[in-house]
Amino acid sequence: MTGRAVWDRLGIDRDQWWALARAAIKLDFRTSGIDLRGRRSSGGPVRTALRVSLVYVLTGAMLAAIVFAARDVFTSAVLIVSAAMVLVALSVLVEYHAVVVSPDDHLVIGALPVSSRTYFAARLANLLFYIGLQATAIGLLPVLAYTFAAGFRPRLGLAAVAALYLSSATSAIAMVSLYAALIRFVHPTRLRRVLSYVQLALSFVVYGGWALLAQFVGPRSRWIIEPIGSPWWFLDPASWFASYLALGVGNLAPRYWLSAAASLVLLVSLAALALRYLSFGYSERLGAFSASRERPRAVRTGEGLRIFRRNEARAVALLIRAQFRQDLRFRLSVLSILPLTVFYLFYGLREGPLLDPFVHPDSALQGWFLLYMAVLAFPLILIPQMAQSDAYRASWVFYATPASRPALVLSMKDFMTVYFVLPYLVFVGLIMSFFFESLLHVIVHMAVVALVGHITLQVAVRLLPGLPFSEPVRKGGQPGRFLAMWLVVSAVSAVILPVLSFWIYPSLARSAATLAGLVLATLLLERVLRMRLERLTSGMEFAG
Amino acid sequence: MIQTDHLSRSYGDTLAVSELTLKVDRGEILGFLGPNGAGKSTTVKMLTGLLRPSSGSARVAGFDVLEHPLDVKRRIGYVPESGAMYESLSASEYLELVACLHHLEPRVARARAEEFFELFGLAEVRHQRLAEYSKGMKQKVLFAAALIHRPDVLFLDEPLNGLDANAALIVKDLLRKLAAQGRTIFFCSHILEVVERICTRIVIIDHGSQIATGSASAIIRATGTTTLEEAFSALTGVRDVGALTQDFLAALEQE
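Sequence order for the protein chains is D and P.
Start counting the first sequence at 1; every next residue gets the next number (our numbering).
Start counting the second sequence at 1001; every next residue gets the next number (our numbering).
If we strip away everything but chain P, and leave its shape as in the complex, we get:
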């Protein structure tokens, strides 16, 4: 469902993503990991049509992202890391806006929106402005907006940001069930325990390049560590966390 071939993107002289080649199958939940600035969000933005690749190619849901961007966008849902939304709208207006942009029948859109509001416990406040929502409530609305047109592929960039424990449970369960239905999920997160628990495969990138791929256990085994967290640290260059923090504290103490 997702396939990239030497996908690259640069900003001026800075190479954000370099020659990324990967494949994600139908029904798979891919955990896409990397340290800050590794190129995760840039990759997602290229796959969702927000950015144009500098070179290489990518196919999503069977369509080339450059040649058939609209066909791709009809089949994807996206929860951005920034969480940016027009906060002057109410939650129900926001979902209506997104549904209109997906050319959904108003009646269908309304019915689906109501289901989401029930699921996430937002029914009572659905006519309040998003500006009045907490971060977690906004995240629920973004999640609903990503699903309202029943996409084949979901791109989730830090989707659990701000969610309370109950909502996070619902989202994780939902993701498993969506994957079981055959939908593909591209899951970017820094919460490694969640990634380890729900993702069927993991790709780790650093400085724009892919440095590891496989199941969580395979990556742990290959790095000779005992947890995904340690494996991640080992792969992305932080060798001795204890020494680093000690140096930092010492610097803070200096006059």
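So here's chain D without its partners, still in its complex pose:
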């Protein structure tokens, strides 16, 4: 059978597929705009690819350490492949879901003679391109470690390459199949709502998987990972791909052969499912989705936004709320991050009872900084997301009106503070009030955390300033931001807050002085930030 015949058999027009896939990748790399620093937000394909890859190479370095820590190859492989699969799922969840569910492209090519299957295959290729890039970056150092760590073992290296690529592809296709199945089986008018719930549920599954993995590697290991003994591990599909490595070092036990075979069956089944069923009428369903209305609903202007009554603050609040309600990409991004908060809260509370730092000043050093991570991480990740939108061309309105651009940027921070940080802290404060000896202690402690949280947000805005929904959405931008934000958040929650707590709570005078100092610091930072933003935005021009 010739190559073309295979394509025909699959129902895919090869030339159209190639044209669409190539155009999609070109478009992604060419997506441009100017950020507040006046830089083009895309520096060409090579730079973009390198930027995306660097973060994953660093993650791969941590995974490569497992190769040395684990007592046997299969155990390390299970952990590394699991991590790679979770990371891929996370990427699809947070960043690439739009490749599958966004009806935007359909509006452009819907009227062209492209079959549904060809269109879906092109979108799948677009996604797999990024997943391949990601798998290469994550796997680079672990593969080198397997190949060279215990003498030159090329067969093991090749097995690791196969395991990482195929497991990543499986993870991606599984996620895509789920989204595509939703598009196929859920009525277009309800799709937006259903997708939101599914996104939330998937986030819990993926973060939960990650947390389980961390549990396994973390407290039990102490730098040496004992071999996996339980046969229950073979229920984890990652272990099926990890079996390649066991076979690669010459461990030819039947369970590894069976697992390896199961992995291939899984991958082929998912691919077949995607091609055979999910592409059927895919583009037509997307078309119906884009044309459908969930029932024209009257939007009650002003409801729930009473805190921001006028000018830029009001404009930004209106926009963020509307984008969350209606912009599927933004909504799904927010919903994919939200469960992080719940996990951090859960793990923070699992560290033990919340001791009153006024009574036990050293309690803040005992590890419940995870509670702070939640309040700090979510807004920091979300603020850069708020700068991006498919409707970025509408941001001309910020340039053709006398609106203050620094005020627009700062209003996003204020929105996050009022609608996320403060409610979360009130909730945590309520929990703390059961453990603390005095309500005043809770209030003072929460005030300190709120002020530190606000200062962290100010630093984040200083590092990554952006006008609301005014930059084109860029694929691959998230990992770098995640890492940068994680560093800031970890430093604040693991070091600054505990040290502050240790120092301030022994006396009321110190507490008052610290509060006053933090208020002063945040006011000063606000002023400095405003001046900095004024400088940054004064020469800006519309890039739409």
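Rather than coming from a laboratory, the hints here were simulated on the basis of the structure.
Take these hints with a grain of salt, some might be off.
Said to hold, decoys possible - 20 Å max Cα-Cα, derived SDA-like pairs, lysine to any residue:
hint : chain 1 : residue 1 : chain 2 : residue 2
1    : P       : K1135     : D       : R393
2    : P       : K1177     : P       : P1151
3    : P       : K1177     : P       : T1200
4    : P       : K1138     : D       : R393
Claimed, not checked - Listed next, the stretches of chain D that the computed footprint assigns to chain P, with coverage defined by at least 3 CB atoms under 8 Å from CB atoms of chain P:
hint : stretch
5    : 320-331
6    : 396-402
Beta carbons: idealized from backbone N, C-alpha and C, even for Gly.
Since the structure of chain D is already known, use the hints to place chain P on it.
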């Protein structure tokens, strides 16, 4: 109210607008014409503060666009050619957003918005998302957003795009009345009949440079043609439309 002096803008090596010098007085409706890619939108973007000129200067409503951009923006209204707006908002939210960016009192903004909705027949659907609007309805909202702060100068880039005949009539009448009130209107359009009917003066640009200026009748006279359409074609290089289309059709027929 609008004055440019050797205004230029380039994108890399491409000169989009070259040494444009023009003056538009209070109460004047200037028709700004040119073929696609001639530099009309770039000029408007420079005058509205969306783009910075590469060289030259411009004053709008008495203020230099580079030195006092905010003072300019307080006094102008703009309907962009792209029609881009945040479609997740409802029409009333969009007008509220624009009013907030102009620092209007919420009470005043609400009252003016209601008037626009009545005028354009959008009162019933003002709480529906813009994504659910037709192109013409969105254009009406953009028009309302450009006027909500009562600007002295209006920049309209293809403002009649998608409007139905009734709405177009309202807009044209409105423009005449706004001009009679002393407001200046910078009107970019490809609909030459409308330009001929409502504009007091016309400027034609091509390849970024001004190639003609004057009233419609003066331009027609100067080119020795009988209509503004013919004059425009003669000035912008399309000499024989019939021969061009014939060549195109012949090329299509080729195997």
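Each hint, compared with the structure:
Taking the CA atoms of K1135 of chain P and R393 of chain D, the gap is about 16 Å. The hint holds against a cut of 20 Å. At most 20 Å may separate the alpha-carbon atoms for a hinted pair to count; K1177 of chain P and P1151 of chain P meet this at roughly 14 Å. For the hint linking K1177 of chain P to T1200 of chain P, the alpha-carbon distance of about 13 Å falls within 20 Å, and the restraint holds. The straight-line distance between the Cα atoms of K1138 of chain P and R393 of chain D is roughly 15 Å, inside the 20 Å bound, and the hint therefore holds.
Counting residues of the stretch 320-331 of chain D whose CB falls under 8 Å from any CB of chain P gives 5; the rule of at least 3 is met. For the stretch 396-402 of chain D, the stated coverage by chain P is satisfied: 7 residues place a CB nearer than 8 Å to a CB of that chain, which reaches the threshold of 3.
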